[in-house]
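J.: Spelled out, the chains give:
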Amino acid sequence: MTVDIVSRTVQDSARRSPLGTYAGQLAAVPKGVSIREVPFLTQLDLRVEPGGEAAAAAERVLGVALPTTACTAVSGVDGAEVLWLGPDEWLVVAPAGQDALEGDLRAAVGQQGAVVDVSAQRTTIAISGPRTADLLAHGCSLDLDPRVSPKGTCVQTLLALAGVVLVVRDEHAGDVWVLVRSSFARYLADWLLDACAEYEDDPSWR
Amino acid sequence: MQLIACPHCGPREETEFHYGGQAHVAYPAGNATLSDEEWGQFVFFRDNPKGPFAERWVHSAGCRRWFNAVRDTATHQILAVYRQGEPKPVVA
Numbered sequence: 036m037t038v039d040i041v042s043r044t045v046q047d048s049a050r051r052s053p054l055g056t057y058a059g060q061l062a063a064v065p066k067g068v069s070i071r072e073v074p075f076l077t078q079l080d081l082r083v084e085p086g087g088e089a090a091a092a093a094e095r096v097l098g099v100a101l102p103t104t105a106c107t108a109v110s111g112v113d114g115a116e117v118l119w120l121g122p123d124e125w126l127v128v129a130p131a132g133q134d135a136l137e138g139d140l141r142a143a144v145g146q147q148g149a150v151v152d153v154s155a156q157r158t159t160i161a162i163s164g165p166r167t168a169d170l171l172a173h174g175c176s177l178d179l180d181p182r183v184s185p186k187g188t189c190v191q192t193l194l195a196l197a198g199v200v201l202v203v204r205d206e207h208a209g210d211v212w213v214l215v216r217s218s219f220a221r222y223l224a225d226w227l228l229d230a231c232a233e234y235e236d237d238p239s240w241r
Numbered sequence: 245m246q247l248i249a250c251p252h253c254g255p256r257e258e259t260e261f262h263y264g265g266q267a268h269v270a271y272p273a274g275n276a277t278l279s280d281e282e283w284g285q286f287v288f289f290r291d292n293p294k295g296p297f298a299e300r301w302v303h304s305a306g307c308r309r310w311f312n313a314v315r316d317t318a319t320h321q322i323l324a325v326y327r328q329g330e331p332k333p334v335v336a
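Each protein sequence line maps, in turn, to chains A and B. Going by our numbering, the residue at position 74 of the first sequence is 109; the numbering climbs one at a time, nothing skipped. Going by our numbering, the residue at position 54 of the second sequence is 298; the numbering climbs one at a time, nothing skipped.
So here's chain B without its partners, still in its complex pose (with noise of 0.2 Å):
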């Protein structure tokens, strides 16, 4: 168990949180003429990375809003979390 930070109410514990895969996924431009294996691309494959990454969450039984965090997926530490729309923030 450990606590994270929302951006909006602050520290509470992880259990109040849910996870909502990677961040900074954009919709893909010019929509109308991409190729079923694009779309597959936008809507299926995601990074996997060992070490941080970005992830959306929402604190679901808090303020219910959500913001991006950086995890680092080996040690399920969350390094960082800012608000949607800003930039994300450089981790060591």
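Only chain A is shown next, with the shape it has when bound in the complex (with noise of 0.2 Å):
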């Protein structure tokens, strides 16, 4: 009965995302990159033995081998994305509104694994254009240069002294996700559009 009445309160309250009130800002950005938060993405914290039962069942219903690979992201069905976070958990990210994903990855792991809905823990900001590697290197000491990071890369590192997951999802460090928690969101915000302001009046941002 109290979970039917919190969960009735959650989806008639208008949700609001952690970056909201910045879109505007963020669009407005030399046209080098591109910042647009994406809200609500479906984000599930799973933890198997890897090469498991727990493992198997889990890929069946994701549809893609786990990523045992240190710092790697895969994708797999339905838009779900499969983020290695350490050498036995994983984080999946999907599309907003995969209430059922939760359900059928806990169905299968079982009693060998664990899944843990955090779709609330981080909201995702995604950055694009020529200029993205370039931006994120104001505050980001990791290379993104597509030879060291290929497409598929997935780090959780420091930006600008803020915990995040970087996931790499083009070829040319073009297109990236940086997944920060909710509470450093306006500050990450705050802070990326710092590091563009310099590019203001710059012809190759243009």
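Note that these hints are calculated values from the structure, not bench results. Beta carbons: idealized from backbone N, C-alpha and C, even for Gly.
Pairwise CB distance ranges, derived in the manner of DEER restraints:
{"hint": "1", "chain 1": "B", "residue 1": "Phe288", "chain 2": "A", "residue 2": "Glu88", "range": "35 to 45 Å"}
{"hint": "2", "chain 1": "A", "residue 1": "Ala149", "chain 2": "B", "residue 2": "Phe288", "range": "28 to 38 Å"}
{"hint": "3", "chain 1": "A", "residue 1": "Arg51", "chain 2": "B", "residue 2": "Lys332", "range": "47 to 57 Å"}
Sample of chain A residues facing chain B (criterion: CB under 7 Å; computed from the structure):
{"hint": "4", "residue": "Ala105"}
{"hint": "5", "residue": "Cys106"}
{"hint": "6", "residue": "Gly121"}
{"hint": "7", "residue": "Pro122"}
{"hint": "8", "residue": "Ser176"}
{"hint": "9", "residue": "Gln191"}
{"hint": "10", "residue": "Leu193"}
{"hint": "11", "residue": "Gly198"}
Far from chain B, some chain A residues (derived; all Cβ distances over 12 Å):
{"hint": "12", "residue": "Pro165"}
{"hint": "13", "residue": "Arg204"}
{"hint": "14", "residue": "Ser218"}
Bring the two chains, given one by one in their own frames, into a single complex with the hints.
T.: In structure tokens form, the structure reads like this:
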């Protein structure tokens, strides 16, 4: 009963994404990059023993093998992406509204693993454009050159001192997702806007 | 600033890591009968060598896994890293 009331309350109230009020500012950055929030993605933390029965069951639900190479991500069925977070931990990121995935995964892994809905933990900032790597280099020590970080790279690191998950989504570092904790999102958005500011008059960013 | 090679993620900036004290401190056997002094030894007393020292580190901004590292306490240079449960490597 309590659960019914809670879920109904959440559905009824208008959801506000952490960066909902930043959309205008983020849209106005110099043209070398394009920054927007991708709110309300379904995010599930999956913990199973790699190579075990539960992992195989989860792979059947996701339609793809769980990546066991460190710092990589793969795409599954229905737009789901599976991000490597640790040797026995993955983050399943699916389009908003895929509420059934949590139950399906949990039923698949049973008692031999854990599936936790962490959708509200992080929001996603999508950064694209030819200057994406240059922008991120302002606050991230990782080399985002495509030779070092090809498509499918997924790293947890610090961006401007905020813990983030970076997902490289194309072949030339021109499309990156930054998953940042909701409480850090506005800080990071402010930092990104500030990092863009010096390129306002740069012709190569136009 | 130096790079520390996380055994899971590979080389990362030192600021992504946190220190966890001396490695290979075994939980005492027969702990129901330990005296206060023996407990004190286990809880509080650690080696403090000058030179290579096996320590616990955690990649707190990355994979959040604990691992062990041999660090030279005089130069702060990380000489070796290895996963938990693996034997301490011999360093020159």
